[in-house]
Each structure stands twice: as structure tokens, then as C-alpha cells.
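J.: Read off the chains here:
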Amino acid sequence: MANFLQQVVSGLATGGIYGSLALAIVLIYRATRVINFAQGEMGMFAAFIALWLIDSGWPYWAAFFATLGLAFVGGVLVERVVIRPVERAPVVTVVIVTVGLLIGLNGAAFWIWGGDTRAFPSAFSTRAIHVGGVAFSIQDFGVIGVSLGAVALLFLFFRFTKLGLAMRAAALNPEASRLVGVRVGWMLALGWGFASVLGAVAAMMVAPTIFLDPNMMRPVLLYAIAAAILGGLESPIGAVLGGLILGVGLNLISTYVDFVGDALKLPVAFVVILAVLLVKPTGLFGRATVRRV
Amino acid sequence: MSRRRVVTLAAQGIAFLLGVAVLVVLPRWLSDFHASEVAYVGIYFIAILGLNILTGYTGQISLGHGAFMAIGGYTTAILVGHHNVRDLWTIPLAGLIAGGAGLLFGVPALRLSGLYLALATFGLAVALPAVLKKFDDFTGGTEGIQLFGRPGFTGKGYENVHVLGLTLTFNDWLYYLCWTIAVVLFVVAWIVLGGRMGRTFRAIRDSEIAATSSGVNMPLYKTLAFGLSAFYAGVAGSLFALATTFVNPDTFPIVLSLYLVIGAVVSGLGSIWGIVAGALFIQYVPDLASKYVSEAPGAPSVAYAIILIVVVVLMPFGLTGLIRKTTRPLTDRLFRRS
Amino acid sequence: MAALLELDNVEARYGATKALHGISLTLDDGSIVAVLGANGAGKTTTLRAVSGTVRRSGEILFDGRRLGRRGPEAVARLGIAHVPEGRGTFAELSVKENLRLGAYTQRPQAFKADYSRVLNLFPWMLDREGQQAGTLSGGEQQMLALARALMQRPRLLLLDEPSLGLAPGLVTDIFRIVRELNEKEGLSVLVVEQNAAVALETAERAYVLEVGRVVVTGASDELRRNESVRRSYLGY
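Chains as they are written, first to last, in our numbering: chain A, 1 to 293; chain B, 1 to 338; chain C, 1 to 236.
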């Protein structure tokens with residue numbers, strides 16, 4: 001029983017990470033119908049920058065927040081420079097552009113920092129804390145806190161600020177938004193900025209566990225995609241919940257089903273993707289949209 | 001047949017014969033190493049051709065064709081490496097097994113469209129290496145399978161090859177093997193896509209609804225397209241295994257699948273004539289980038305990404321689109337008689 | 001009376017198809033002008049040309065200022081509110097959020113007063129603030145669209161087929177409100193309508209379009225009295 005609870009908590013921690021990245025993917029998808037395949041690499045790049053700041057002597061949280069700021073700016077720039085020219089192009093073209101971004105950022109990280117695996121500091125101590133006689137890792141709670149905190153802040157922003165409302169409107173109905181004076185193009189850019197911030201949070205939360213190297217986010221991206229699909233690509237809440245469910249589920253399966261273990265977690269995620277897309281493509285929390293013939 | 005059609009066919013025929021002629025004599029001027037590089041171009045050519053059948057012709061996006069290459073590659077590797085089968089026989093077999101996998105995948109793929117299919121195939125390609133590692137009794141696990149020196153391997157990977165009374169270096173042999181198969185498969189694709197099947201495929205791509213309402217058995221054709229396209233990828237994968245003389249789960253990474261899609265888009269979806277350009281692009285741009293930009297690891301990828309993005313932005317319809325756009329005024333001129 | 005809006009030889013196209021072949025019209029400050037004609041005549045495109053939703057050539061002057069190549073976001077800031085075909089409501093957002101969006105270009109301090117004003121016109125909205133706009137009835141959505149436009153504090157209102165899909169009683173209500181706003185607050189209105197009879201009762205002048213050109217123009221009374229114009233172009 002103790003082990004079960006421990007696995008649930010640590011599953012929630014990884015789930016929080018998947019959920020943050022999944023939310024980033026959903027934000028961009030809702031606004032532009034595009035899956036940003038480079039979302040993971042953008043986060044990875046941000047994590048490298050954070051490490052560079054920390055190695056230069058910055059305290060952890062200063063580096064953390066500075067990185068978030070830089071990630072935001074980076075996301076906005078990427079949208080304006082790379083995505084905007086292909087706004088109206090067919091899906092395949094935009095997919096290629098994000099794929100190109102993936103390859104480019106991956107290469108840039110290799111070029112600047114090399115391919116060696118590095119340790120990334122954790123914001124939280126790795127000591128255990130005992131609740132009800134069961135040992136939990138403080139780090140897990142910390143990760144859950146930060147991921148869900150970031151997500152919650154974002155929700156509050158969208159719900160209660162004028163800019164957040166404008167961004168929601170721009171994603172839902174760009175034409176009508178223009179008519180009330182919303183600069184839709186900039187709303188999209190801001191969306192990419194926020195998504196980039198979420199990606200950076202996810203990367204910095206996962207890096208202490210899986211160590212920092214240019215390829216580290218590849219599997220995380222797949223888990224995030226699975227989480228986004230599970231929750232429903234149109235649903236931000238679904239993305240986060242999907243992440244938590246997937247995190248806990250994968251953890252429990254890999255602990256209790258020997259055959260799967262750690263080795264087959266990725267294929268299980270793939271099976272989840274396939275199963276959801278076949279059975280209920282709109283995911284657990286998405287609403288079915290009728291295709292106008 | 002309209003006059004324009006005749007001229008187009010004639011032009012295509014001449015281009016084809018010229019191309020074949022060039023391919024036959026090229027190794028004389030290429031160093032051994034370059035011959036092997038151009039052999040890889042041939043392999044990518046086959047894979048991209050297959051992907052084009054799927055994406056360009058029936059509009060189903062696959063970001064996971066590397067997985068079908070892996071299936072073909074591993075088939076050859078297991079048969080040659082573990083069971084001493086003669087390598088040439090494994091090539092069609094690899095294609096068939098990969099094609100079968102494609103047919104199988106094509107069935108659930110029917111219910112997925114556009115981006116959803118892209119995501120599912122992406123997942124397939126990312127997840128497959130883990131499966132290959134797990135079933136290590138069969139696949140050699142992380143250690144992979146060595147083909148170098150195996151008895152069934154023509155030239156064993158380094159010796160000269162004697163065929164049809166000629167003696168070729170291993171790399172030249174590889175070159176002719178890959179390109180002969182590439183040319184044959186190209187002609188097959190040309191015939192298949194030019195005929196009724198091709199028109200049906202294109203109808204599906206342009207409007208699924210219109211195609212269904214005119215009586216096309218959509219599920220059948222879409223699944224067939226997947227199977228055919230996977231067959232091509234499997235053959236390419238088999239040749240890839242022979243070229244690298246070694247396979248392990250990292251031989252067919254997700255990046256390969258992405259490169260194939262890039263090659264298909266650069267060449268122009270929906271036509272088989274620009275594919276050489278696509279294959280050349282994915283083989284040589286990274287190479288040239290590492291020569292002229294910087295040798296540091298990662299730098300070629302950055303240059304590659306920039307070039308790719310610029311190319312895609314400037315030529316959204318790929319090289320074929322560009323050719324069509326520039327030759328259209330020419331062919332229009334030729335026909336403004338009456 | 002000064003002209004608030006002037007169109008001079010405006011052309012517009014959708015891709016390769018030309019929709020407007022040189023439209024000229026004038027709207028005086030404080031007046032209501034109707035744009036009439038059959039389906040496909042270019043009425044909606046005319047409004048889109050003014051709001052900048054479609055690319056156009058030719059001159060458009062608003063309050064003496066050239067609109068040039070301004071897009072809808074900039075045109076909205078000049079004081080032109082466009083209620084498009086299909087109403088342009090944000091179906092997934094609530095009634096109040098729709099109205100907040102209408103006030104997007106205005107100062108935050110103005111919201112309270114403007115919101116009360118709108119509630120006076122449409123009292124039913126008070127109890128339904130939180131309701132999803134997409135679940136409102138057709139008539140309610142039209143009123144919400146109008147209210148949303150009013151939150152923009154416009155000098156010129158562009159109304160596209162307000163009567164579409166509405167029961168006759170509601171149609172009369174909407175046009176009555178428009179007339180009131182025009183008389184009490186001097187709001188200028190350019191309204192596109194297929195229902196020519198109702199439009200001519202409210203507007204002072206009208207322009208009749210056919211296939212992207214102005215074929216008839218004049219005061220509403222004259223047009224109503226002219227049998228042949230009514231038969232050929234107005235359908236009644």
C-alpha cells in the first residue's frame with residue numbers, strides 16, 4: 001500500500017510535467033490548428049539557458065524566472081518570424097516548419113553546449129518527508145506544486161484579464177475578434193510565448209530526474225502528446241488532467257506489470273494515443289464538433 | 001490523346017531515359033566513397049517515393065515511415081545475420097512484410113485524418129525502438145545485428161563482387177543494386193499512379209466526400225495506399241541495412257521519419273518527378289552544411305533547419321510546383337496555335 | 001450636413017473573382033442609409049470593404065480621413081462597428097464576455113457606464129450575463145451582436161442583414177432600436193438588407209446594387225413609390 005501511494009505521488013509529479021507541456025501544445029493547437037512538434041525542444045533549449053545562468057552564479061529561482069522571461073520572448077519571436085509567413089499554408093507545410101524548428105533547436109543545443117549529459121539542479125531537496133508513515137519525496141511535491149501552479153496562474157490570466165479574454169477570443173473566432181479591434185496576429189504570438197513558458201517549466205522540472213542533454217525532451221514530447229490527446233486537443237483542462245492521469249497510469253503500469261517495466265512505457269503511450277484517436281478522438285474532455293459537409 | 005498529353009509523355013520519357021543513362025555511367029566518375037553516398041540517395045529515393053504515394057496522392061500524412069523502413073531493415077538483418085539467407089532474396093520479403101504491416105496500420109488509420117494520423121504515426125516511430133530493444137531474443141536488442149561478413153551477404157560488406165561477368169567494388173555494387181531497384185520501383189509507381197488507381201488516389205486526396213459519393217471504395221484504396229507505401233519503405237529499409245551492414249534500434253530514429261517527410265515536401269507532393277531532388281536534399285544538405293558552415297556537431301542541423309524553413313516558405317509546393325510554374329508558360333506558348 | 005462616409009469607385013475581389021466593380025456612395029453624418037439588392041449583389045462585400053475585412057481598391061473616406069489599407073482592427077479603433085453576416089458573436093463565451101470584448105478598444109473606466117446603457121436597451125441581458133452566447137435564441141443573438149457593437153462607442157454602425165432568420169416581430173424591434181439610437185444619439189448607420197421593405201422604412205436613403213454595381217439610388221420615399229424599381233430590384 002505504501003508503495004502504491006508513493007507511485008501515485010511520483011506519478012502525479014511526472015504527470016504535472018506532462019500536463020504542462022500538453023497544455024502548451026493545446027494552447028497552440030486551439031489557436032492555430034497546428035501541433036508544434038518543436039515544443040519539447042524549445043523547453044530543452046530554455047533549460048540549457050537556465051543551467052548556463054546557474055553555472056554563472058545566479059541563484060536557482062532567479063535563473064528560473066529569468067529563463068521563463070526569455071522563453072516567453074523566444075516563443076513570441078518564433079511565431080512572428082517563422083510561423084507567420086506560413087500562416088495560410090496547408091497543414092503539411094506548417095508541420096514541416098515545426099519539424100524544421102525541432103531539428104534546428106536540437107542542432108543548436110548540440111552546437112553550443114555539446115551532447116554530454118549534464119546534471120540539472122533541483123529546486124527542491126531530495127529528502128523524504130513522512131506523511132502518515134509513508135515516505136514521499138519532497139521533490140515530487142515541489143514539482144507538482146510548480147507545474148500546477150504555473151497552470152493555475154495561466155488559467156486565472158485567461159479567465160480574469162482583458163488580454164486573456166482577447167487571446168481566448170482570437171483563438172475561438174479570429175474574424176469577429178478583428179472586428180472588435182483585437183490584433184489577432186499578436187494574440188497568436190503571445191499564445192506561443194505562454195506555451196514556450198510552459199515548455200520551459202516542464203523541462204526544468206523534468207531535467208533533474210532524467211538529466212539534461214539535447215535529446216532529453218523527445219520522449220517527454222510523446223507523453224505530452226498522448227496526454228493532450230487523452231484529455232482532448234481542444235480542452236486546456238483536459239490537457240492538464242490528461243497529463244496527471246497518464247503520469248499516474250504509466251507509473252502504476254510500469255511498476256506493477258513486469259512485462260512493461262520501464263522499457264515499454266513509450267509504446268504504451270503510443271497505444272494510448274492510438275486507442276483514444278480510434279475510440280473517442282475528442283478525448284475525455286473535448287466536445288465533439290460536427291463536421292460541416 | 002490530346003496533343004499536350006503526348007508532348008508531356010514524350011518529355012517525361014526522354015527525361016527518364018536520360019536519367020537512366022546518367023545513372024548507368026555515373027560510377028565511372030565517382031570515387032568509391034561518393035558511390036556509396038549516391039547509393040544512399042537511391043535508398044531515400046525509394047522511401048520518399050513510397051511516402052509520396054501516401055501523402056501526395058491520397059493525402060494521408062505519415063510522420064512515421066522510418067518505422068516501416070525499420071521493419072524492412074530488421075527483416076533483412078535477421079534473415080541475413082541470424083539465418084544466413086542470401087541477401088537479395090530478403091529484399092522483396094522485407095518489402096512484403098513491411099507492406100503487410102502497412103496494410104495492418106492502414107485499417108485503424110482509416111479512422112484518423114490529417115493531424116491525427118500525423119500524431120499516430122509520429123508515436124509509432126518514437127515508440128518502435130523501445131519495442132525492438134525489448135524483444136531482444138529476436139532482434140538482438142540494444143546490441144543489434146551485424147551483417148558484416150555474413151555468408152549470405154553479397155560481398156560481405158567489403159569484398160569485390162562478381163556479377164554478370166563484371167567485377168565491382170562493394171560500393172559500386174551497392175550503388176547499382178539500389179538504383180536498379182529504384183528505377184524499377186519508379187516505373188511501377190509511374191504505371192500504377194498513371195492509371196485508374198492513381199486517379200482514384202488523387203480523387204481521394206482532393207475530396208474524400210466527392211470520391212465516396214461517386215462510388216469509390218475508399219477504405220480499400222486508402223489501405224492499399226498505406227500498404228504500397230509501406231512496401232516501398234520496407235524495401236528501402238532493407239537496402240539501408242545492407243548499406244550500413246549493421247542494424248540496431250537506433251538505426252531508424254524518429255529523425256529519419258522526419259527527414260523523409262521533408263524530402264517528400266521539398267520534392268513536391270503529388271508528383272513523382274521531383275523526388276530525386278528531395279532525396280538529394282536530405283542526403284547532401286546536412287553534409288554540405290557540415291563542410292561549409294562548421295564541423296561542430298549540431299551546426300549542420302541548424303543550417304539544415306534554416307535552409308529547410310526558407311525553402312518551404314518560398315516554395316510551398318516543392319520543387320515540382322516550381323517546375324510546373326515555370327514550364328507552364330512554355331507549354332502554353334507551344335499550344336497557342338489556333 | 002457633412003458626409004461621414006464616402007466611397008469612391010471602390011472595387012473588391014475574392015481571390016480571382018471580382019465582387020465590386022466600382023461602388024460609390026455617400027452617407028451623411030447622423031443618417032441611416034440602406035444597401036439593397038438580391039443575393040450576390042455585393043451588399044455584404046460593400047460593408048466588408050468599409051471595415052477592411054476584404055481587400056479593396058478605390059477611396060474610402062471616413063470623417064474626411066482616408067481608410068487606405070487599414071485592416072479591421074484599425075478601422076474598429078476609428079469608430080466604425082461592424083456587425084457581420086452571422087452576427088460575429090463569440091458562441092463559446094458568455095454574454096458579458098461578449099460585451100467586454102466589444103469594449104476592448106475603450107478605456108476600462110468607461111465599461112460600467114456603457115454596460116448600464118446596454119442593459120437599459122436590452123434588460124433581459126442582466127439575468128443572463130453568464131449564459132453562453134451560443135445558447136441564445138436567434139433574436140437574442142442579434143440583439144447581443146448589436147449591443148456588442150454599441151460597446152465600441154461607434155460613430156458609424158455597419159449592420160449586415162439584421163433581419164436574417166428572425167420572426168417579423170423581432171425584426172421590427174431591432175429596427176426600432178436602431179432608429180432610436182439614430183434619433184437620440186446621432187448614431188449613423190449603414191444597413192444591408194434583403195428585406196427591402198423594412199429597410200426603406202428606417203433608412204433615409206438607399207442604394208440598390210446589382211452584380212457589384214450601383215444601379216439605383218435615391219431617397220427612401222422615392223424608391224418606395226417607384227413601382228418599376230420595386231418590382232425589378234426590390235422584390236415587392
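Calculated from the structure, these hints are not laboratory results. There may be inaccurate statements among the hints.
Claimed, not checked - Straight-line alpha carbon distances no greater than 20 angstroms define the calculated SDA-like cross-link-like pairs of lysine to any residue that follow: (1) Lys-184/C <-> Arg-117/C; (2) Lys-162/A <-> Glu-85/C; (3) Lys-162/A <-> Arg-107/C; (4) Lys-18/C <-> Arg-69/C; (5) Lys-265/A <-> Lys-134/B; (6) Lys-112/C <-> Glu-129/C; (7) Lys-112/C <-> Pro-154/C; (8) Lys-162/A <-> Arg-153/C; (9) Lys-162/A <-> Ala-74/C; (10) Lys-265/A <-> Val-310/B; (11) Lys-134/B <-> Asp-262/A; (12) Lys-265/A <-> Lys-133/B; (13) Lys-133/B <-> Val-257/A; (14) Lys-134/B <-> Lys-162/A; (15) Lys-280/A <-> Asp-262/A; (16) Lys-96/C <-> Arg-69/C; (17) Lys-18/C <-> Asn-39/C; (18) Lys-280/A <-> Leu-110/B; (19) Lys-265/A <-> Pro-219/A.
J.: Is the hinted pair Lys-265/A and Pro-219/A satisfied, with a Cα-Cα distance of at most 20 angstroms?
T.: Distance ~10 angstroms between Lys-265/A and Pro-219/A Cα, so the pair holds.
J.: Between Lys-184/C and Arg-117/C, does the CA-CA distance stay at or below 20 angstroms?
T.: holds, 13 angstroms
J.: Lys-162/A and Arg-153/C: Cα distance at most 20 angstroms?
T.: holds, 18 angstroms
J.: Need the status of pair Lys-112/C, Pro-154/C: alpha-carbon distance at most 20 angstroms?
T.: holds, 17 angstroms
J.: Between the alpha carbons of Lys-280/A and Asp-262/A, is the straight-line distance 20 angstroms or under?
T.: violated, 27 angstroms
J.: Verify the proposed pairing of Lys-280/A with Leu-110/B, using a straight-line Cα cut of 20 angstroms.
T.: holds, 14 angstroms
J.: When you check the alpha-carbon spacing of Lys-18/C and Asn-39/C, does it fall within 20 angstroms?
T.: Status holds; Cα separation ~15 angstroms.
J.: Going straight from one Cα to the other, do Lys-162/A and Glu-85/C come out at no more than 20 angstroms?
T.: violated, 26 angstroms
J.: Could you grab the alpha-carbon distance between Lys-18/C and Arg-69/C and see if it respects the 20 angstroms cut-off?
T.: holds, 18 angstroms
J.: CA of Lys-162/A to CA of Ala-74/C, is that 20 angstroms or under?
T.: holds, 18 angstroms
J.: For the pair we were handed, Lys-133/B and Val-257/A, check the Cα-Cα distance against 20 angstroms.
T.: holds, 18 angstroms
J.: Within 20 angstroms, alpha carbon to alpha carbon, are Lys-162/A and Arg-107/C?
T.: Holds, at roughly 11 angstroms.
Comparing the model with each numbered hint stated earlier shows that hints 2, 10, 14, 15 and 16 do not hold.
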